[in-house]
Amino acid sequence: MTEITFDDFAKVDIRLGTVLAAEPFPEARKPAFKLRIDFGAEIGEKKSSAQITLNYSPESLVGRQVLAVVNFPPRQIGPFMSEVLVLGVSDADGAIVLLSPDKPAPDGARMH
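The letter at position 100 of the sequence shown is residue 100 when you use our numbering, and the numbering goes up by one with no holes.
Careful: at least some of the hints might be erroneous.
Stated by the list, open to error - Pairwise CB distance ranges, derived in the manner of DEER restraints:
id : residue 1 : residue 2 : range
1  : P73       : F9        : 16 to 22 Å
2  : D13       : A92       : 20 to 26 Å
3  : G94       : E45       : 29 to 35 Å
4  : G63       : A10       : 16 to 22 Å
5  : P74       : A10       : 20 to 26 Å
6  : T5        : G63       : 33 to 39 Å
7  : A41       : P79       : 28 to 34 Å
8  : E3        : S60       : 36 to 42 Å
Just so you know, these hints were derived from the structure itself, not from any lab. These figures come from a predicted structure and were not determined experimentally. Every residue, glycine too, gets a C-beta built ideally from N, C-alpha and C.
Whenever a hint applies, use it, and build me the whole structure from the sequences.
Structure follows, in structure tokens:
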């Protein structure tokens with residue numbers, strides 16, 4: 001693993017947001033959902049594609065707070081433009097588990 005400096009880490013803008021909408025993304029190569037996430041007044045609403053279908057349903061995602069990298073350039077995924085990268089880790093079976101706070105916090109809060 002390559003070491004980075006604190007200045008490198010500080011360039012990654014990871015924010016908290018609340019999922020407003022989630023729907024299947026049948027055009028994706030791998031099973032995924034299209035998400036609309038509110039990151040508060042400073043950043044606003046952003047879209048993301050997330051391969052999280054094994055551990056979540058669209059209904060279980062709405063209202064959930066998630067962490068995402070908000071300063072990557074948008075990425076075209078099939079017919080959908082993904083604007084942020086929602087963060088997660090792999091469980092024992094390799095399915096993604098979302099990263100989220102253990103207590104509610106304001107949308108747009110930056111990870112330290």
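Going down the list of hints, with the structure as the test:
1. For P73 paired with F9, a C-beta distance near 19 Å keeps the hint of 16 to 22 Å intact.
2. A hinted range of 20 to 26 Å for the beta carbons of D13 and A92 is inconsistent with their spacing of about 30 Å.
3. Between G94 and E45 the Cβ separation comes to about 30 Å, which falls inside the hinted range of 29 to 35 Å.
4. Distance hint for G63 and A10: a CB-CB separation of about 30 Å, inconsistent with the stated range 16 to 22 Å.
5. The hint said 20 to 26 Å for the Cβ distance between P74 and A10, and at roughly 22 Å that hint holds.
6. The supplied range of 33 to 39 Å is met by T5 and G63, whose beta-carbon atoms lie about 37 Å from each other.
7. The hint said 28 to 34 Å for the Cβ distance between A41 and P79, and at roughly 29 Å that hint holds.
8. Remark: the range hint 36 to 42 Å for E3 to S60 is upheld by a beta-carbon distance near 37 Å.
Hints 2, 4 from the list above are not met by this structure, while the remaining hints are.
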